[in-house]
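Assembly of the complex is requested from the two constituent chains, each provided in isolation within its own frame, with the hints serving as guidance.
Each protein sequence line maps, in turn, to chains A and B.
Here the first sequence is numbered in my numbering, starting from 849 and rising by one per residue.
Here the second sequence is numbered in my numbering, starting from 2 and rising by one per residue.
These are computed hints drawn from the structure, not numbers from a lab.
Using N, Cα and C, we set each Cβ at its ideal position, and we do this for glycine too.
Don't take every hint at face value.
Cβ pair distances, simulated, as ranges [unchecked claim]:
1) Asp-76/B x Ala-1037/A: 46 to 56 Å
2) Leu-37/B x Thr-1241/A: 36 to 46 Å
3) Ser-993/A x Val-232/B: 55 to 65 Å
4) Asp-1012/A x Ala-233/B: 31 to 41 Å
5) Asp-76/B x Glu-1174/A: 45 to 55 Å
6) Arg-153/B x Ala-1037/A: 36 to 46 Å
7) Gln-1102/A x Glu-225/B: 37 to 47 Å
8) Arg-36/B x Ala-1037/A: 42 to 52 Å
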Amino acid sequence: MSDRSMILRGGRVVDPSQGLEALRDVLILGGRIARIAEQITDADAKGAQELDLRGAIVTPGLIDPHVHLREPGQTHKETVATGTAAAVAGGFTAVAAMPNTEPALDAPERIRDVLERARAAGLARVYPIAAITAGRLGKELAPYSLLVRAGAVAFSDDGATVDDARVLRRAALYARDLEAPFISHCEEATLRAGGLMNEGEVSARLGIDSSPRLAEEIIIARDLLIAGDTRKRWHIAHLSTGRGLELVKWARAQGISASCEVTPHHLVFSDRVFAGFTARGRVCPPLRGDEEIAALRAGVREGVVDVLATDHAPHAAGDKSGPLSETVVGFSGLEVAVGAYAYALPDLPLARMVALLSTNVARLLNVPGGTLTIGSPADVSVLRDESWVVDPTAFRSKGRSTPFEGMTLPRRAVATIVGGNLVYDARGRVPRITSAAIHDGLTTAGTR
Amino acid sequence: MAPRNLLDLDDFSAEELMALLDRAEAFHRDPSPRRLLAGVPVVNLFFEPSTRTQTSFAIAEHRLGAEVVSIDPGDSSMVKGESIADTAITLAAMGVGAVIVRHRESGFPYALARSFPGHVVNAGDGTHAHPTQALLDLMTLRQEFGRVAGLRVAIVGDIAHSRVARSNIHGLRTLGAETILVGPPTLLADAMAEEGVRVERDLDAVLPTVNAVMLLRIQRERLEGALVPSVAAYTAEYQLNARRLELLRDGAIVMHPGPYNRGVELTDDVLDFPSCRYVNQVANGVFVRMAVLEALCS
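Next up, chain B with everything else stripped away, as it sits in the complex (with noise of 0.2 Å):
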């Protein structure tokens, strides 16, 4: 039986992903709006704000015919002041069948999932994980190489503050793909190898070796907290510019989950590369946000 939440990846079977990533595929060859949530209401609870990922849970929503009701935090007295258990409670007495929350903290969706009765999908918390991203790009993977199992994909940059990393990272391994994560050791710890999961410091000799290679966002604070002496000394060593595709084997694709800052971890060239699969990606999340919801609520 699959899990009442998605709170992170490493909660998931293979066969389970599979399953998810196989639903996500027929709502893609088969768009058209579904009744498979109707009547259920389902809330929006983005403590942090974020168009792109909020936007395709919505239209994700409205196609399988949810009550979607999106609250603001910042202006809920119903949030605001209230504990995290007391919100819970008023949600679940309304009726509310799922809550797709983000937050800053890592960890807030599993202390909501502990007072919530209904589902909850975690949409982003903290620095800890952000599932549907990864499942995203598992179908991404999924559709350009027919399969998951087997592939070697480097993600590259700031993995320490990067949810998109560690649930990739779960995703990756269930699904029986090798992980190379590259970066400076101030961003990427050497206590994140482990089984089926490399770090390394040298982008140069790890892009020939690899399927993929999916960017991080890097974020202006990082290049101020004294974890990277500046921004040309961190492209100089990891960004991803025209020399470095050239590394890069034929077939290889280049992923990043956005928004990217172009002339930090990735050049126009980058963008232009015909192997950039950035388009792909943001399509899929509605996809796979569909068969979450689905596979959970109904």
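Chain A extracted, bound-state conformation (with noise of 0.2 Å):
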């Protein structure tokens, strides 16, 4: 067993929490941050393992604010074990776990079945989100409380629009009090109809049902107005278009208690990946055209956007060759995130970039982390800007698709440390593993 206890040396330590970017070596005690110092000598760490992380970059550990874990009941597309292992394997120390399971996570057992199973895989920390709606059917309202005393951390029918506005509107009043805030998934039912992809030059060109911008700014404008009028938190999910900030922006200048998150496919590919049909594209909100992945990125950039979140959303490995309407929708995210985010926003200062990934999620879901501060648990997330080729192949996660296969990335994770254990070490790309004592806390990884 691992005492939790390690010496984290010579790493470039990004802490935006408390205004850090330094080389600096970091001393985990028992699971918890002990000392942040210039040279931290053997006498400090009682003998504790040492990692050599020169050259890399330490981070308070990444959350991802939005993931399809897929249990209970699509087992066979993920688990909270292979998606938590996918997580930790993609630099992430937690996740927040979307309810639409089957059942749904709209009952309190749920959500402490999801602790329990997350608790037994031992990896990364799962942060489950509840249900709006009984059984997300958009019709009654779920136990808000009750799902909180259980642990849920947010409420969101994420894969469906709550259609019904006077339900939504009832669902956030009822939920005001509670700190957790409602996640929305933004698309107007009848806007998008069956909607393949983008509506634009390219589904024109291709003669493909499609889906307007028009069909998530719509919603993105009724919820926030819903927010204000109720004064609930609000976060908008998986935002693709410019306009869709301006919204944020605007309900902000009223007062309203409204966050966004955007993903790294939003980021990086438009709807011209449908050129020849093919279906590894397919996604909701779908992808959008270039100007929206320029105004997304210049909302990372200005600070409009709060958090960045994968919207990992696996698949069992099927037949993705056939037609688009029969293709699945979504993607696995997690393991090429990090790498994603950096080619996407290539002159963001990492300071930034940490504070998207970590430190305003854990704000946002009113969690643990977010920071390196003396005595926090000690989630680390270790990553290095070097090139890879992502290969689906190698993924922890069931899900095998994603439009980055074959995509050089310029940033990947090395190593991952959650409450002090090594959960995931690249094994040979963390330069020169100085104790072996290392291979010892992942083998018992799973098990403490």
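Written out as structure tokens, the structure reads:
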């Protein structure tokens, strides 16, 4: 058993929560951050294992606020165990899990079940997001306070929009005094209709049924107005248009408590990926045009975007050769994310990137982490700026489809530490791991 | 080298298109049966019913000596419940050389072509493409004017849902003609405009400027789907009728891919109009399909 103590040697420590960006040693004792200093001596370390992280980036544990772990009910696609294995391999120490499971996470015992599975897996922390409506059917309210007591950190019917504005308004009113935000999946049903891709030049040329940006924006506007009306904290999931960002800015200017996230795929790919009718770019909301990509990148740089989120949506390895309408929606994201963000936003200062992936996410979900301050749990992500080629066959996730397949990305996760345990280690890629004990840490990580 | 499949005309160069049209003309001059595809099993796989296109392909296949098999996917246990890749593997294992496929979904033939090692001919996919229809239209234009380059062709009506229009846009542009698309904004997005393709709303203003008018069938469900207010409203702006035929310049022709809706996109006056080339189009369909099968398979 690891005693959950180690020294992280010589990495560039980037912690926006305390304005720190410098070469530092980090001492972890008993699963908590004990010291950060230019040099930590062996005397301080009491024989703890050492990781030589020279040339690497050391950050507060990255938290993905939007993943689909598929358990219960769709364990052929992903499980809590495989999803959290993917998370730590992608550099994430925690994930927030969406409730569109079968059955949906709309009851306290299901929240507790997910948490228990996460504990058993012993990899990333899992923060369940509970449904807004019973069964995610958009009709009856879920038991919000019971769900929070069971461990839910937010509410969302993600994968579906709550079509009925009266139901959503009442839900928000009822849950208003709970800290846990509502998270909106924004697609207006009648405008989206049977749309398989973004409406625009590409869909016009290909003759593919399409969904306009308006379908997303009209719900962003509606939900932000409901947020203002009910004074509920609100978060817009996988926002994909420039006008959507303008609506969030407008809402904040009105004093509405509004935040938003963008995904790696919306920051990188346009609807041109559909040329030739290849199906691997199908996702909701759909990949948009180049102008939207530029607007989203600007929104990140300018601070309109609060957090980055993968919308990790694994599907079973199946037949991807079929026509678009039969192709599943979404793809795995956790194991490409840090590389994809760096690819999309090469000029973003590292401290800003870490804030978007860690500090801001902890604040959004009101969960621990997002910081390396002394005494906080030792959730630490170690990244490295080096080129690698995305090979989905190497994924820990059961979902092996990604539009990033074959791309060269400029950053990757090399080690992930949760509560002082080394739960992921890209083996030879961390330069000279000096203690054999680390490998004990690896093999015992699942049993802590 | 010509492409392995005919999925849409944008895969073909001007030279390749002209070669196909030349061969189609040769078959036109001498339509007698040949043995060019003797022993090649060709499967007609029509997920959507289509009397005219399927018959035209079948005649073309027989004239080239192919072994013709038509599968009705609605009745076929081979196709029903199978993935498209399974179907492709099965057909290939039987030695099928070419599949002629029609499907309601845009892009379906592309998915089939990814799994099928033989030749795939797109006989119409959703609202995407209908390349043999466009080829027969190009052949009809060339017969009339001796060339396609430099012509100005109006395509009128429900462009949004028309695979015929999309394939014609590619063919006309590749061969150097100008396309003018005419229709209401709900049936013709501004986004369709590109180099060599104009979007216009006023049919009366366009008609005097073009060499040919291609009408498109407008389906009744469009009229019920809040895309067009009514038949009367549509015909007032976009129907070709006796009055509008007068606006055409001398020598201009009228085309229609069929089947037409009398009283909607056209009136009987148009069918009786001496420069209506509807019958020539249907006849040319057999010859271009022969040319395509010959080019791909032999």
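Hints, one by one, checked against the model:
no.	hint	result
1	Asp-76/B x Ala-1037/A: 46 to 56 Å	violated, 35 Å
2	Leu-37/B x Thr-1241/A: 36 to 46 Å	holds, 44 Å
3	Ser-993/A x Val-232/B: 55 to 65 Å	holds, 57 Å
4	Asp-1012/A x Ala-233/B: 31 to 41 Å	holds, 37 Å
5	Asp-76/B x Glu-1174/A: 45 to 55 Å	violated, 21 Å
6	Arg-153/B x Ala-1037/A: 36 to 46 Å	holds, 42 Å
7	Gln-1102/A x Glu-225/B: 37 to 47 Å	holds, 41 Å
8	Arg-36/B x Ala-1037/A: 42 to 52 Å	violated, 57 Å
The structure shown violates the earlier hints numbered 1, 5 and 8.
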